[in-house]
Amino acid sequence: MAENVPVIMASLSLWNCTFLGFKSQAILPYDQTLHMLSAYLQQAEMESNGKSVTWNGEKTGYATVPSIWGELGINGQHAFYQYLHQSNNIVPADFIGSVESVTPVVGHHESLMSNFFAQTQALMTGVNEQQVRAGLKAKGRVQEVIDKLGAHKVHEGNRPPNTLLLTRIYPKR
1 MAENVPVIMA SLSLWNCTFL GFKSQAILPY DQTLHMLSAY LQQAEMESNG KSVTWNGEKT
61 GYATVPSIWG ELGINGQHAF YQYLHQSNNI VPADFIGSVE SVTPVVGHHE SLMSNFFAQT
121 QALMTGVNEQ QVRAGLKAKG RVQEVIDKLG AHKVHEGNRP PNTLLLTRIY PKR
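Residues in the sequence shown are numbered from 1 upward in steps of one, following our numbering.
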């Protein structure tokens, strides 16, 4: 059980939902072949585990499953990643990537995986205002702009991402 990835992931989801009170979970695959994974897991998790009674018909005193949602990584980056980084709601996020691309395009997979790792690191470590200000200054922004934008670019980190890196996505395995 200690090395069974599905058991570990289920245990983390249960812990995050039941004991930490996180009400949703993002599934963020960074491989086109997994474009339907989030939708599949919504059905599998929320329909199967989204009950409010036990096998004996008794009301549960705890959450049974988080809301599952997500999108392909790069699409999600332009839709809801700011929410993941800066919202008052903490959302555990499962990032799923591969070392080898199934459909290699020169330079594309490397760029995609750079975003993959940068997102998980930023969720964990965040960016404080001092770092934001230094970055804006390095880009040549004037002090007035730095003062105006500083607080809006801060994200605290300490968000719980899981980074799942597969060798390659195989359709029959």
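Please note: incorrect hints may appear among the correct ones.
[Claimed, not checked] Lysine-lysine pairs mimicking DSS-like chemistry, simulated, CA-CA at most 25 Å apart: (1) 23 / 51; (2) 23 / 59; (3) 139 / 153; (4) 148 / 137; (5) 153 / 137.
[Stated by the list, open to error] Per label pair, the in silico range of CB-to-CB distance: (6) 89 / 56: 41 to 47 Å; (7) 61 / 149: 31 to 37 Å; (8) 171 / 10: 19 to 25 Å; (9) 52 / 88: 34 to 40 Å; (10) 131 / 55: 48 to 54 Å; (11) 46 / 150: 36 to 42 Å; (12) 140 / 171: 19 to 25 Å; (13) 140 / 60: 52 to 58 Å; (14) 40 / 150: 21 to 27 Å.
Simulated from the structure, these hints should not be mistaken for laboratory data. Even for Gly, the Cβ is constructed at its ideal location relative to N, Cα and C.
Structure-based check of all given hints:
1. 23 / 51: With a Cα-Cα distance of about 14 Å, the restraint between residue 23 and residue 51 holds, given a limit of 25 Å.
2. 23 / 59: 18 Å, holds
3. 139 / 153: Holds - the C-alpha atoms of residue 153 and residue 139 are around 14 Å apart, at most 25 Å.
4. 148 / 137: The given pair, whose Cα atoms are some 13 Å apart, holds under the 25 Å limit.
5. 153 / 137: The hint holds at about 13 Å.
6. 89 / 56: 41 to 47 Å: Distance hint for residue 89, residue 56 is violated at roughly 33 Å.
7. 61 / 149: 31 to 37 Å: Given about 45 Å between the Cβ atoms, the range is violated.
8. 171 / 10: 19 to 25 Å: 23 Å, holds
9. 52 / 88: 34 to 40 Å: 26 Å, violated
10. 131 / 55: 48 to 54 Å: 50 Å, holds
11. 46 / 150: 36 to 42 Å: Once the Cβ atoms are compared, 39 Å apart, the range 36 to 42 Å for residue 150 and residue 46 holds.
12. 140 / 171: 19 to 25 Å: 47 Å, violated
13. 140 / 60: 52 to 58 Å: 56 Å, holds
14. 40 / 150: 21 to 27 Å: Since residue 40 and residue 150 have Cβ atoms about 41 Å apart, the given range 21 to 27 Å is violated.
Consistency note: the structure conflicts with the earlier hints numbered 6, 7, 9, 12 and 14.
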